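J.: Okay, here's what each chain looks like letter by letter:
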Amino acid sequence: MKNKQFFGLGIGLSSVIMIFVVLCLTTLAVLAYFCGKADTRLTSKKAEYSISYQKSDLKAREVLSEVDGVLLELAKNEKSLDEFDSLYEGEVEVLRESDTITYNVKINDSIDLFVNLQVNEKDGLVNKEKRYAIKQWKTVNKGYDLSDENLDLWDPNK
Amino acid sequence: MKKYKKSRINTFFIEMIIVILFFSVASTIVVEVFAKTNYDIKVNKIKSKCITKSNAIGDLYSSNMDVAKTLVRIFGDDCEIFMDGNDNYILNLNDNLLANGESDVVYKICEARKQTKAGYMGELKISCIYNNEVIYESECGAYISN
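Just so you know, the sequences run in chain order A and B. For reference, each letter of the first sequence is one residue, going 3 to 160 in the working numbering. For reference, each letter of the second sequence is one residue, going 129 to 274 in the working numbering.
Note that these hints are calculated values from the structure, not bench results. Some hints here could point you the wrong way.
Stated by the list, open to error - Below, simulated SDA-like cross-link-like pairs (lysine to any residue); rule was C-alpha separation at most 25 Å, straight line:
no.	chain 1	residue 1	chain 2	residue 2
1	A	Lys108	B	Ala184
2	B	Lys177	A	Lys132
3	A	Lys137	B	Asp206
4	A	Lys78	A	Leu25
5	A	Lys61	B	Ser255
6	B	Lys236	A	Glu50
7	A	Lys61	B	Lys242
8	A	Lys61	B	Glu239
9	A	Lys39	B	Val171
10	A	Lys61	B	Ala196
11	B	Lys170	A	Phe36
12	A	Lys39	B	Asn224
13	B	Lys253	A	Ala49
14	B	Lys170	A	Arg43
15	B	Lys134	A	Ile19
16	B	Lys164	A	Asp125
17	B	Lys236	A	Tyr55
18	B	Lys170	A	Ile53
19	B	Lys164	A	Leu25
20	A	Lys132	B	Lys164
Computed from a predicted model, the values in this text were never measured in an experiment.
This is chain A alone, in the form it adopts within the complex:
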């Protein structure tokens, strides 16, 4: 009777407990690993976007300096803004409509940085002192291009 009480734990019970504990630890470790991986992926995406935005912002400022250089030249030579297009030789396409200059700098495939400048004129000539004012400096969504994705959507006309 005494012997029976001594071996109350039983052979195999420690193995069962160990298997249970190891299983619990493994499950938690796998969950933590995937959580960490998801966190890393999210942070990398955030960093990627941030770096792209900062690069585009820098590029937009370089274009702004080129545009300002042309405006200064126009102001110095007392030429009208109509001659802007012939003088500007930057690599980024710049659109001019009356006294407004706009351009886009690509951030990524779906987002652009849009810049809108208003040229300050005096008697039809570019102002020498304050040549321009930034009206808009914002990100614009180009929308997702779904042309490559063949989605089997419900057609209401069928």
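Position chain B relative to chain A; hints supplied.
T.: Frame of chain A, contents of chain B only:
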């Protein structure tokens, strides 16, 4: 009866030894995974803060084109800004990116200025270093016309 009892004790101890051995091997692997994940999450947290601070530096620098003023505005008056041999701005911060004398995270900021036709163009290269490893690097700029 005695022989049977002895044999049961031996089996029990052999099982315990196997259990302990297997458990120690399994727990070593699992703890290693936990430690790596914990470190990754800590680095991600710091990286995320670095991104936010770097964006703030970029935004402020683009308006005033003054690195020292920008850093004081963002990290507070208590932060000590050092200059290294290559005229880079060095900031020592703790892992919450606060200036309290610790140097868990090092911010290295390199400024380059050039004159353009109608003004000045400034470029900043920001590096965030943790455990002697660059975890985040970005570039931003400013333009101020004459």
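J.: Taking only the CA atoms, is the gap from Lys39 (chain A) to Asn224 (chain B) under or equal to 25 Å?
T.: Judged against 25 Å, a Cα distance of about 22 Å means the pair holds.
J.: Are the Cα positions of Lys61 (chain A) and Ser255 (chain B) separated by 25 Å at most?
T.: Satisfied, since the Cα-Cα distance of roughly 19 Å is no more than 25 Å.
J.: For a C-alpha distance cap of 25 Å, please report whether Lys78 (chain A) and Leu25 (chain A) respect it.
T.: Given that 25 Å is the threshold and the Cα spacing comes to 79 Å, the pair is violated.
J.: Would you mind confirming whether the straight-line C-alpha gap from Lys236 (chain B) to Glu50 (chain A) stays at or under 25 Å?
T.: Between Lys236 (chain B) and Glu50 (chain A) the Cα gap is close to 19 Å, so the pair holds against 25 Å.
J.: When you check the alpha-carbon spacing of Lys177 (chain B) and Lys132 (chain A), does it fall within 25 Å?
T.: violated, 37 Å
J.: Take the C-alpha atoms of Lys61 (chain A) and Lys242 (chain B), compute the straight-line distance between them, and say whether it is at most 25 Å.
T.: holds, 15 Å
J.: Mind checking the alpha carbons of Lys170 (chain B) and Phe36 (chain A) for me, to see if they're no more than 25 Å apart?
T.: holds, 15 Å
J.: Does the alpha-carbon distance linking Lys164 (chain B) and Leu25 (chain A) stay inside the 25 Å limit?
T.: Holds, at about 19 Å.
J.: Does the structure keep Lys39 (chain A) and Val171 (chain B) at a Cα separation of 25 Å or less?
T.: holds, 12 Å
J.: Would the pair Lys164 (chain B) and Asp125 (chain A) pass a check requiring their Cα atoms to be no farther apart than 25 Å?
T.: It is violated: about 68 Å lies between the C-alpha atoms, which goes past 25 Å.
J.: Measure nothing beyond the straight line between the CA atoms of Lys61 (chain A) and Ala196 (chain B); if it is 25 Å or shorter, mark the hint as holding.
T.: The given pair, whose Cα atoms are some 23 Å apart, holds under the 25 Å limit.
J.: Tell me if the straight-line CA distance from Lys134 (chain B) to Ile19 (chain A) falls inside 25 Å.
T.: holds, 24 Å
Hints 2, 3, 4, 16 and 20, counting from the list given before, are not met by this structure.
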